[in-house]
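Number of protein chains: 4
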Amino acid sequence: MTSDLTCGIDIGGTKIAGAVVDADGTVVAEGRVESPAADAAAIATTVAELVSDLAAGHPVRAVGVGAAGYVAADRSTVLFAPNIAWRNEPLGADLGGRTGLPVVVENDANAAAWGEFRHGAGRDAEHQLMVTVGTGVGGGVVTGGLLLRGAYGVAAEIGHLCVVPDGLPCGCGNRGCLESYASGSALVRAAQAAPSPAVLAAAGGDPARITGPMVTAAAVAGDAGAVSLLAELGGWLGHGIASLVAVLDPEVVVVGGGVAAAGDLLLAPVREAFDRELTGRGFRPRAAIVPAVLGNRAGMIGAADLARG
Amino acid sequence: MTSDLTCGIDIGGTKIAGAVVDADGTVVAEGRVESPAADAAAIATTVAELVSDLAAGHPVRAVGVGAAGYVAADRSTVLFAPNIAWRNEPLGADLGGRTGLPVVVENDANAAAWGEFRHGAGRDAEHQLMVTVGTGVGGGVVTGGLLLRGAYGVAAEIGHLCVVPDGLPCGCGNRGCLESYASGSALVRAAQAAPSPAVLAAAGGDPARITGPMVTAAAVAGDAGAVSLLAELGGWLGHGIASLVAVLDPEVVVVGGGVAAAGDLLLAPVREAFDRELTGRGFRPRAAIVPAVLGNRAGMIGAADLARG
Amino acid sequence: MTSDLTCGIDIGGTKIAGAVVDADGTVVAEGRVESPAADAAAIATTVAELVSDLAAGHPVRAVGVGAAGYVAADRSTVLFAPNIAWRNEPLGADLGGRTGLPVVVENDANAAAWGEFRHGAGRDAEHQLMVTVGTGVGGGVVTGGLLLRGAYGVAAEIGHLCVVPDGLPCGCGNRGCLESYASGSALVRAAQAAPSPAVLAAAGGDPARITGPMVTAAAVAGDAGAVSLLAELGGWLGHGIASLVAVLDPEVVVVGGGVAAAGDLLLAPVREAFDRELTGRGFRPRAAIVPAVLGNRAGMIGAADLARG
Amino acid sequence: MTSDLTCGIDIGGTKIAGAVVDADGTVVAEGRVESPAADAAAIATTVAELVSDLAAGHPVRAVGVGAAGYVAADRSTVLFAPNIAWRNEPLGADLGGRTGLPVVVENDANAAAWGEFRHGAGRDAEHQLMVTVGTGVGGGVVTGGLLLRGAYGVAAEIGHLCVVPDGLPCGCGNRGCLESYASGSALVRAAQAAPSPAVLAAAGGDPARITGPMVTAAAVAGDAGAVSLLAELGGWLGHGIASLVAVLDPEVVVVGGGVAAAGDLLLAPVREAFDRELTGRGFRPRAAIVPAVLGNRAGMIGAADLARG
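Protein chains in written order, with the working numbering: chain A, 1 to 309; chain B, 1 to 309; chain C, 1 to 309; chain D, 1 to 309.
Here chain A stands alone, though its shape is the one from the complex (with noise of 0.2 Å):
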């Protein structure tokens, strides 16, 4: 029976991607275009036409967007993007308009950590935080089977705890950010104040152009300078972690993200420092900390997911 489709379509910065899923979160069919992130006018107009392509093979009921920016409680107005030309934008009632389909709208972080929930890591779990590991460090979290929305749709910017009083600057206008820390932007600033000589070959000699993806490559072939980074950075993570569990008490941490792809080199620093700090240790359960399954798609999954209602 695949009559119960819906759409998801997740807009970043660069990249607007689509895809019809269904009830299991299968993806029957997907696509990508470019994002004109400054127009806002374009932006809406691309993503009708997404969804217009998208649904002529496939009939969906129902459209779930996933965006980069602060979502309010109604579900369809972004309040504001950081890398995207919207203020107080009514983006699910535009596509509502375009599309003919009723549109929900929610946060980019909360729609992918919903679609590991539902179809991903986080499947036989109740209730779970993830944790993006990307360009910022993002999150969203899931407790009694419901997305942890906060009053305002901007709850679980657990890039934004602050781990170290008077730390690195953020590009929140805060210091000591755990996102200042932990996220693929801290990775390669570390890697270029102290290239090791794996990573600065692979950026053809100039510390400029080294990226986070070279990082964990140089990591995967065993360059220890690059494997003592990721371990850097996954201790951070996991000192975050322990105060967010001691918070929101889940029984699974999904880690994802681009960083995440580095895997146990990652993830093994994140557990021993989560099972170093978590406040009460040995008289709780642990929660797991368990990889992200769904990749990139986990957003346009979860927004699909949120859009079925």
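Keep in mind that the hints were calculated from the coordinates and are not lab data. Cβ coordinates follow ideal geometry from the N, Cα and C atoms, glycine included. One should not assume that every hint holds.
Stated by the list, open to error - If you only want the chain D side, here are some residues facing chain C, beta carbon under 10 Å, derived:
id, residue
1, P82
2, G144
3, G240
4, A246
As the list claims (entries may be wrong) - Partial list, computed: chain D residues near chain C (C-beta under 8 Å):
id, residue
5, G150
6, Y152
7, F283
Given the coordinates of chain A, assemble chains B, C and D onto it according to the supplied hints.
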């Protein structure tokens, strides 16, 4: 119509308090006895007697218990309590047998948070963070109208958010917990290390006899040293609340517990630090930080309401 | 008797200043020219001309040079200068050849410290720490009447005391250096991040145009935001000085540099933090913290005196 | 020629040790007695007797005393000693009267540093920092061949460099001192908090009986937990040394004290942190970090040499 009464019990390390509460949160009867904390069986007997005494004049249909420990997801079993002789104690089942009434058990800080949410400072909110600053720092979270209990009933241990890496030791075995900087115990330690003349006089000249209420009283009376100690504590609290609000996005933060008796001498510096550090400030509605209103009855009132089910 | 004259030169990244100084530290003539910082040979030519001009009317018997770099133990060779085109530059020998006079080269912060020690705020002391708060944080140490130069002539780099592990990045490549929290640059960054209306007005409404003197001027005029920024800077400085005094045990700490123009708006919070944090306070005489008195002539006067040998 | 003998005395909280030392630093006789630390007069009597006994067979011309306290600039008066009953004690004058010999008093860590400088690991240097890691962290500085005593004889309290703002409490009343992270006491506390099986076995199963030497012995025997504790301590020590070298610019850093018995298990992580954090690394010669060679005789040998004048 007074037939919809329930009983709320608050079991602490030194006292057990109980109340009969109606559906509006009004306490219609209450009582208080010593806590035989070292003897699990004696606690059960004592609570059952207290319920029996209270119910004699006010027929109750259920009992809610707030207890200072980790409470399992069955809302009956206390997994562990730091100051009471409970290890995997089937407290709810035991009390149910003794009283012949349905019994619900909840962590005491969660119960107090629920009390403030239902009938106190958070009664108009759907999303509330409560921070209780007493000997330690505890908390409770309500999100979307539901108490955030977590997978193992041990959520909202906000006193153990790590705010200073390699910082002051905490009773939980970690270093740098919020509780080490923002609790009544931290206040007393700071006052003992550098007592102002007014505080020292209140303690009869012996720093070892300084208590939190002495510091608060001196601050209220205008003692600059005591004011400064409360401001430092408040600064740490606001720092921690900024991180917690980034994760939980409540619309109101309720501050209770004994130290909150200092009123704006505590809350003004809390708000100042919070306003300075909240991530995304300016692009999101800001949570209000307000004092608790139910005092030490919050736990009983909350427990009684939870029993209402 | 005016025959005992020497010449003091201060070579900075933008200006070269020179003076003829007598044995009492009195400046009898002075001059100032642009610094051709990118061209080592041009600097030598320029300095030689400046000496020649100054010496025309006031015969000098030796030349002392303060230079913003690491100066080797031979007191002639500049090992490295961050802002000038010197790498193992035989500056003293070169100038000796050009001028026909004995030349002594010293680090510029050391020269300024020596100037204050001989003829300024430290003239009655035997043991002095000087802290210079300008764009960066520099220093000079006199102990037992001798300038502490260290094994390689690079002592007293007090701006690079690490005060916050994993803290703000420093231009030196480390994180958490005192200079990252207590320099004029740190002041400007803090003011740009949260400009008070008065400071913003002084900068014509553009945060990028805020300068340190604007902040100081606003503070002197009573602007609360600017006062608070200077107090924060002073707190860090006092914190660092407490550590330095534990190591060096001077009887006087002289605070100079452009930011010190703020006077007690800076020094009061410096003293407060120092008094609160000095180890062994109460069991030892406490070093006095005093403002420098020679202003930006300290380096020339000190260099001239060092040349006196 | 053995006529140029002097006597060196090391007064600690539990033992008083004495030696007759020749001009080459060779110990020709020595003795050790209990320290009557609570009784200032008894200490003087005991030291005078020890000198008399030692001098019976080896005529000495002067006495040098190292004492665990703040020693005034007169090199005779002990201003304050944390563990001995001295407050403004005229120790040198008293001993001079009792022995009929010239007496020089110096802080014990300074005396040990001088011993290593004259006849030990720093004998080829002109500029030396000594770090003594015992129960606490102490130090001594030699710069330009002179002992850095400071204005009040209390310089080189390097254990009280603040390395973590708001960090672990220190016995000196501050928080975050190097001594709180890098001393033998810190090592024991860390081992007690998380004892490895090997260390716990050495302590008969009782964490309260763990000592520093037990940890060191377990590390030498290959116990991973103990190795890790020493590495953490060494990391903090190297961190602190990087700051101290920025200020003092020595050519050699001598590491002594009981914990230094761990050898490279301590020194390798010290060097690793130092190499990573020294400011200006790459543009300056790097100080060598070497083990002390005189063991617990360093204080006596140094004191004897200081007496030589």
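For the restraint on D:G240, tell me whether the closest CB of chain C is nearer than 10 Å.
holds (8 Å)
Quick one, is the D:Y152 hint okay against chain C at 8 Å, beta carbons?
holds (5 Å)
Would the stated hint for D:G144 survive a check requiring a Cβ distance to chain C of less than 10 Å?
Cβ of D:G144 sits 7 Å from chain C, so the hint holds.
For the restraint on D:G150, tell me whether the closest CB of chain C is nearer than 8 Å.
holds (2 Å)
So, D:P82 near chain C? Judge it on the closest CB pair being under 10 Å.
holds (9 Å)
Should the interface hint for D:A246 be scored as holding, given a Cβ-Cβ cut-off of 10 Å against chain C?
Hint on D:A246: holds, closest Cβ of chain C at ~4 Å, below 10 Å.
Does the closest beta carbon of chain C sit nearer than 8 Å to the beta carbon of D:F283?
holds (4 Å)
Violation of the numbered hints given earlier is absent; every hint is satisfied by the structure.
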